[in-house]
Amino acid sequence: MRDACCGFGGLALASLLQEEAARAGTATPLSSKPAHFQPKAKSVIFLFMAGGPSHLETYDPKPLLNKLHGQKRPNEFGEAKYQFVQRDAKLLGTKRTFKKYGQSGIEVSDLFPHTAECVDDMAILRSCHGDMVVHSAAQYELFTGRVTPGFPSVGSWVIYGLGSESQSLPAYVVMPDPKGALEAGQPMYTNGFLPAIYQPTMFRPGSRPVLNLERTAGVSDADRRKTLDLIRNLNRATLDPGDQEFSARINAYDLAFKMQSEAPDVLDISHEPRETLELYGVGDAVTNDYARRCLLARKLVEKGVRFVCVVSGGGTGNQQWDAHSDIEENHLRKAAETDKPVAGLLKDLKRRGLLDSTLVVWGGEFGRSPEAESGRGRDHHNLGFTMWMAGGGIKGGKVVGATDAIGLRAIESPYHLRDVHTTILNQLGLDQHKLTYPHLGRNERLTFVEGKVIREIV
Amino acid sequence: MNRPATRLVPLIITLASFAHADEARDATFYNARIQPVLARECYSCHSPDAAKLKGGLRLDSREAMLQGGDAGPAIVAGKPAESLLIQALRHEGDLAMPPKKPKLAANIIADFERWITDGAPGPTASANTAEKKGDPRQHWAFQPVKRPAIPAVRNAKQPANAIDAFIFAKLEERGWTIAPPATRAEWIRRVTFDLTGLPPTPDEVDHYLADHDANADERVVDRLLASPAYGERWGQHWLDVVRFAETEGYEYDREIPDAWRYRDYVIDSFNRDKPFDRFLTEQIAGDEISPADQECMIATTFHRLGPVRRNAGNPEIALSRNEVLTERTDIIGTAFLGLTIGCARCHNHKLEPISQKDYYRLQAYLAATDEHNIVLASEAERKTSEAESNRFKDEIAALKKRMKLTTGPERAKLETELESLEDKMPAPLATIPATWNDMSHRTEIHVLKRGVWENKGEPVGPRPLGVLIAESEPESPANLTNPRTQLAKWITSPSHPLTARVMVNRVWLHHFGAGLVKTVNDFGTKGDAPSHRELLDWLASTFVENGWQLKPLHKMMVLSQTYRQSVHSPIAARAEVADPENRLLWRFNRRRLSAEEIRDGMLMVSGRLNPKRSGPSVMIPVDAEMVALLYKPSQWKPARDVNEYDRRSIYLFAKRNLRLPFLETFDAPPLLTSCARRETSTHAPQALELLNGKLANDLADAFAKRLEHEVGDQKDKIVERAFQLAHGRSATAEERRLSLEFLRDQSLKEFALAVLNTNGFLYVN
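Protein chains in written order, with the numbering used here: chain A, 1 to 458; chain B, 1 to 765.
Just so you know, not all the hints are guaranteed correct.
[As the list claims (entries may be wrong)] When the alpha-carbon atoms are kept at most 30 Å apart in a straight line, the in silico BS3-like pairs for lysine-lysine are as follows:
#	chain 1	residue 1	chain 2	residue 2
1	A	Lys-72	B	Lys-170
2	A	Lys-81	B	Lys-357
3	B	Lys-103	A	Lys-90
4	A	Lys-179	B	Lys-555
5	A	Lys-434	A	Lys-99
6	A	Lys-350	A	Lys-398
7	A	Lys-67	B	Lys-146
8	A	Lys-81	B	Lys-456
9	B	Lys-357	A	Lys-90
10	B	Lys-555	B	Lys-518
11	B	Lys-449	B	Lys-146
12	B	Lys-383	B	Lys-449
13	A	Lys-179	B	Lys-637
14	B	Lys-555	B	Lys-612
15	B	Lys-717	A	Lys-226
16	A	Lys-67	B	Lys-449
17	B	Lys-100	B	Lys-424
18	B	Lys-705	B	Lys-717
19	A	Lys-434	A	Lys-395
20	B	Lys-100	A	Lys-72
21	A	Lys-72	B	Lys-357
22	A	Lys-90	B	Lys-101
23	B	Lys-383	A	Lys-72
24	B	Lys-52	A	Lys-90
25	A	Lys-90	B	Lys-424
26	B	Lys-52	A	Lys-72
27	B	Lys-400	A	Lys-81
28	A	Lys-226	B	Lys-694
29	B	Lys-54	A	Lys-72
30	A	Lys-81	B	Lys-101
31	A	Lys-90	B	Lys-694
32	B	Lys-449	B	Lys-100
33	A	Lys-67	B	Lys-101
For the record, the hints were derived by calculation from the structure and aren't laboratory data.
In isolation and in its complexed conformation, chain A is listed as follows (with noise of 0.2 Å):
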C-alpha cells in the first residue's frame, strides 16, 4: 500500500482533487493553464544577487577604466546620480583579470570560473538599466516592476498565468539567504493585490526547509486525512461565497497535506549521487549553503514548480553584494560563495535535458558604480549593469548590449528591467499585455510602461 508508507500520496490524492474539482465545479485557481502561446520555458530559476553585484568586475570588462584609475569621470560620459558617491569620486580600476571562454569567446571575470565554463549557455545582458538607485525601491522594482511596494511580484504573476505543474509542491518558492533579510523585504515577493493564493512559500534554512512536514505520531494517515476533512468541512459551513481570504486558508490546508505526502522527498537532498552534490558544492563550507539551495532549486522545477527564486544576500549590506567600502573583499567571497553552485546548477540542468525548459536568470537590483566609495568600495548603479539569462529557449553564448567605455551607462541596445521581465513571460508563452489584473480601475500588469522582448536572445 502505496498510502501505508508515504501519506497522502498516489490514489488518495488524485480523488481528493477530483472531489475537489467536482465540489468546486471548476479546477483549483493553481491548477495548470494553458499559455498565451506556445511556450519555450516550462519554469523558471531566479538567481538574485542581492546588493547589486558589480558589472565592472564580473561579465563587463572595461580597460579604460583602468587606465584612468584615480581621475575624475571625463565630461564625455555624462552625469549619474548614485546614492552616496558625490560627482567629484574619482574612478576605480579593477583587480579583476577576464578571460574568454567556449567557444563564443565571451570575457568572463576570474571571479567565476566555473560559472564561465557553460558561458555558451548564457546570454550576458551588458546593457541592463532601471530607474532607481536604493536597494529598496530597485528590489521592488526587479521583482514586481514597480518601484514601490504593493504590486504582485514576477513569480505571483507566472503562477497567477500559468498555475502549478506540480500538486505537491507548492508553485511559487522562495530560498531567502539565511544571513538575514534585505531592504525590500518579504513584500518585494509577495503577491500584492493578486488573490493571496499566489503567494510564494518561504523555505527556510537548513536540511529542513518547509517545517512541520513529519507527520504526528500516533496518529494514522487514514485518521488525519478525516480531520482535514472535518477542518475544509467545518470552514466551509461558515464560508462566504468569494471570500478570496478564507479561500486562500482552505487551499493552504490542500497545498500542506500534497506537500507532506511527496516533498519530503523532493527536498531531502542526501540521496543525491556524491558526485551531484560535488558539482554544485554541497559539503565545502564556502560554497554548502548556495550549493544546497541551487540542488533543491533543481529538483523542485524537475517536480513541476514554476518559479524559484534563490537569494544570494541577506542581513547587513557585506552579507550581501552591496560592496560599499571594499570591492575586492566582498566580490571575492560572494563569488566564491555562488559560482561552483551556479555552475554546478547549470550544468546539472542541461544534463538532464532541464535546460531547454528552465529558464535561468542571474542578476541583482543594480550594478556598481565606476567611480570608487570610501576608497576600495562602488556605490549602486542603476544606468547600466549586467544580468544573464540562460536556457529556457534562451540563445546562449551571446553577448547583448554595451555600456560606455567605463561601463557607466548602458549606450548599445539598452534594456530596461521592464524588458527583462518581458522577456521572462515571452520564454513562459506569456503576453505581458495579456496577463492583467483588475485593481482600483485599472488592468494591471506586470510591466508599467510596455516592454520589450529581448530578441537578440529568443
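Using the hints provided, position chain B relative to the given structure of chain A.
Chain B alone, transformed into the frame defined by chain A:
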C-alpha cells in the same frame, strides 16, 4: 549667438504640443522642460539638497528664483535678458553656469528664455508639487493639530459618538452607510481579542449575552481595560514599534542583561494608563528626570534596544559609537515622530524636508548617552558571584592553555568540557540595562559628509527638526545639561504636530485594521494622506486634552457604531469597486489573529495557559538544527520548569538570531527594525504548523482532556463546549452535525485539533 536659438523655440514647442501658449501658462512647460534641467544641473548647489548652498541661491521654486541669492534675483519674469540665470547659462556676465562645464545646449537655454518670457510660470502654491518642492512646512502633518467641529450627520441613524459622526459624514458623501451591527457574540469576541489578545471565556460571553442593560457594552470594555491582559496585548504593540528584543543581533547576538525589565515596564505602563507623554519622557530621559527611580531607569533601556555590532580584534571605537548613535536617533524619528529620518544621515533627505544638519542636531541630544548597567544585587551577593565566576574563569583559563597543546579528538573533548564549564558560570546578577549621560565621553556631533564618521563637517548642537520649529530658533550648546529632557519636552509638547497624531493612529490601526494614515510609521510628505484628517485631529486633540491617557481613547473607539458594525455589508458589491481597501469603513475589517494571539488563544482554550506575569523571559525548546545556527549555541537554554513554556508569548525570550518558528510562521516581526503593522499572510507552512506542529498537537491533546473533564462523554455537549471555548459562540446546526459525525469513530483529540484549525478560531469577525 542667441538669435537663431530663440527663433527655433516656437518650432520646438509646437512640435512638442499644439497648444504651447496654454501649456506655458500652467506649470506643464516648467515641469517638462525647466525643472528636469534645474534638477540635473543646478540642484546639487542650489536647492535644499545641496551639501552647501552656493551663493545663497535656491533654484527649486519660482519664488526662490524671483527672490534670488547673494547676487540678486535669478529671474525677472517676462525679461529673459535681465535675468541673471539666463546670463549665467549663456556665459555672458560674471557667472558661467553650470560651473566648470561646457554651456548647456542652445535649445535648452532657449527653453529657459521662452519660459521667462512667458512670465516664468511655475507650479501654483496649492499644487501638490509645490507643497513638496516649495514649502514643505505646508505639509498637512506638520501643521498644528486643530480641533475640528464634529460634523453634522444627516443619516437618521444617530451616531453613537464623535468618531461615528466623522465616519458617517464621509460615507454620506457617497450615499453609503455603515454595515449593520455585528452580533453581540461577535462583538464581545472582537473587543476581547482587541483589548487583551485572548479569547473571551464562555462565562464572559454568557454573562454579556444575558446582560441587556444599556451599559452592558461599557461594562465589558471597562472590565477588559482593567484586566492585566490589556497591558500584555498593547505592550506587545509598543514592543513592535521600538523593535524590542533581548539580544543585540549581529553575529554575536549578546544578551542585553535583564531586558525583560523593560518589557514589564511597558506592560505595567499600559495597565496603569500612564499618560503617554510621561511614558515617552521616561523612555527618552528617565535617567535625567529621576535617576533614583528604578522605573525611570528601566524605561531608558529604550535607548539600548537597537541592534549593536560588537567587534572582535581592534574595534573602531568612533565607528561603533557612530552606529549606536545612528540606531538611537533613527528610532526616535520612527517611534515618536512617525518620520523616516534615517535617510538624512548621509545626505539631505531626498524625499522629506529634513536636512542632514537637522539629523545631526537631533542626534546631538544623544551625544553623551551611554550604556549604564545598574547591578541590583547586594554587596554580599555581588561578592559571592564574583568569587564563583573567578573560580570558573581560572578553570577556563587553565583549560584553554591545555587546549593549545592538543589536537584531534583530545582537543574536541576539551572543547566540550570548556562549553560545559562556560555553562556553569554563575548567572549574571540582576541588572537594569539603563542609559545615562557620560559627559566626560560626550561625542562631538558633526554633520558627517555622506554619513561617513570620518568625514566630519561642521559641529552641531541639539535642535529639533527645522521644519517643525521657527526658523529663528537657535541651536542649543553642544554641552547642554540634561539634553534628552529637552528633547522629550519638545516631543511631548501638547502643540507638537506629530506625537499625538502618530499615537492615536497606532491605536486606530489596532482596532480597525488600518490606520487613518495607512503608513503608520511615516507621516512625512511621502507618507499616505489620512483618510479622515479631521477625525485624526479630533482624536489627537482629545487625547492630549484628556491628559494623554489611552484607556478613554480605546473606550471611545470600541464603543462606537463604526467599531460595532459587521464584516458583512449589504453595499459590498458597490463599495468594493469604489473603495476596495475599505478606507471609508463601510464594513468592519475582519482580521486573522496575530501570531501571539493564536498561540496564547490555543493555550487558553486548551486550559494550559500559565497566567504568570512578569519576570525573566522564557526560552522554550526549539529545533536543535536552529540552535546550531547560532554563533554560540550555548546561548539557547530552555527553561527547566516545563510549566514556563505555557506562558503568554510576550514572556518568551525574544532573540534576534533565533526567531521562534511558530510566531515567525504567523508573521511576527523580525525584531530588527520598527514594525508598525504586522503582515497577514496565508500559506501552507501555517497549515503544517497547526496540523503537524508539536505545539498544536500537544494543545489539542490538552483541549480534548479539558472537554472530557468539563462535560464528560456526552458528545453533543463536548461539541457545544468546544465551540464556545474556541469560537466564543454556540456551534451551528451544520457544525454540530459535522462534528458529531466525526466523533462517531474519530478521537476527541483529532476533533480538538480540527477546531483549533478552523477559521472560526483563527479569525476575528
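Hint-by-hint comparison with the structure:
no.: 1; hint: A/Lys-72 / B/Lys-170; verdict: 58 Å, violated
no.: 2; hint: A/Lys-81 / B/Lys-357; verdict: 21 Å, holds
no.: 3; hint: B/Lys-103 / A/Lys-90; verdict: 23 Å, holds
no.: 4; hint: A/Lys-179 / B/Lys-555; verdict: 44 Å, violated
no.: 5; hint: A/Lys-434 / A/Lys-99; verdict: 43 Å, violated
no.: 6; hint: A/Lys-350 / A/Lys-398; verdict: 17 Å, holds
no.: 7; hint: A/Lys-67 / B/Lys-146; verdict: 63 Å, violated
no.: 8; hint: A/Lys-81 / B/Lys-456; verdict: 23 Å, holds
no.: 9; hint: B/Lys-357 / A/Lys-90; verdict: 26 Å, holds
no.: 10; hint: B/Lys-555 / B/Lys-518; verdict: 22 Å, holds
no.: 11; hint: B/Lys-449 / B/Lys-146; verdict: 38 Å, violated
no.: 12; hint: B/Lys-383 / B/Lys-449; verdict: 48 Å, violated
no.: 13; hint: A/Lys-179 / B/Lys-637; verdict: 22 Å, holds
no.: 14; hint: B/Lys-555 / B/Lys-612; verdict: 27 Å, holds
no.: 15; hint: B/Lys-717 / A/Lys-226; verdict: 21 Å, holds
no.: 16; hint: A/Lys-67 / B/Lys-449; verdict: 28 Å, holds
no.: 17; hint: B/Lys-100 / B/Lys-424; verdict: 69 Å, violated
no.: 18; hint: B/Lys-705 / B/Lys-717; verdict: 14 Å, holds
no.: 19; hint: A/Lys-434 / A/Lys-395; verdict: 25 Å, holds
no.: 20; hint: B/Lys-100 / A/Lys-72; verdict: 13 Å, holds
no.: 21; hint: A/Lys-72 / B/Lys-357; verdict: 28 Å, holds
no.: 22; hint: A/Lys-90 / B/Lys-101; verdict: 17 Å, holds
no.: 23; hint: B/Lys-383 / A/Lys-72; verdict: 63 Å, violated
no.: 24; hint: B/Lys-52 / A/Lys-90; verdict: 20 Å, holds
no.: 25; hint: A/Lys-90 / B/Lys-424; verdict: 55 Å, violated
no.: 26; hint: B/Lys-52 / A/Lys-72; verdict: 21 Å, holds
no.: 27; hint: B/Lys-400 / A/Lys-81; verdict: 53 Å, violated
no.: 28; hint: A/Lys-226 / B/Lys-694; verdict: 19 Å, holds
no.: 29; hint: B/Lys-54 / A/Lys-72; verdict: 22 Å, holds
no.: 30; hint: A/Lys-81 / B/Lys-101; verdict: 17 Å, holds
no.: 31; hint: A/Lys-90 / B/Lys-694; verdict: 58 Å, violated
no.: 32; hint: B/Lys-449 / B/Lys-100; verdict: 23 Å, holds
no.: 33; hint: A/Lys-67 / B/Lys-101; verdict: 23 Å, holds
Violated hints, in rising order: 1, 4, 5, 7, 11, 12, 17, 23, 25, 27, 31; the structure is consistent with all others.
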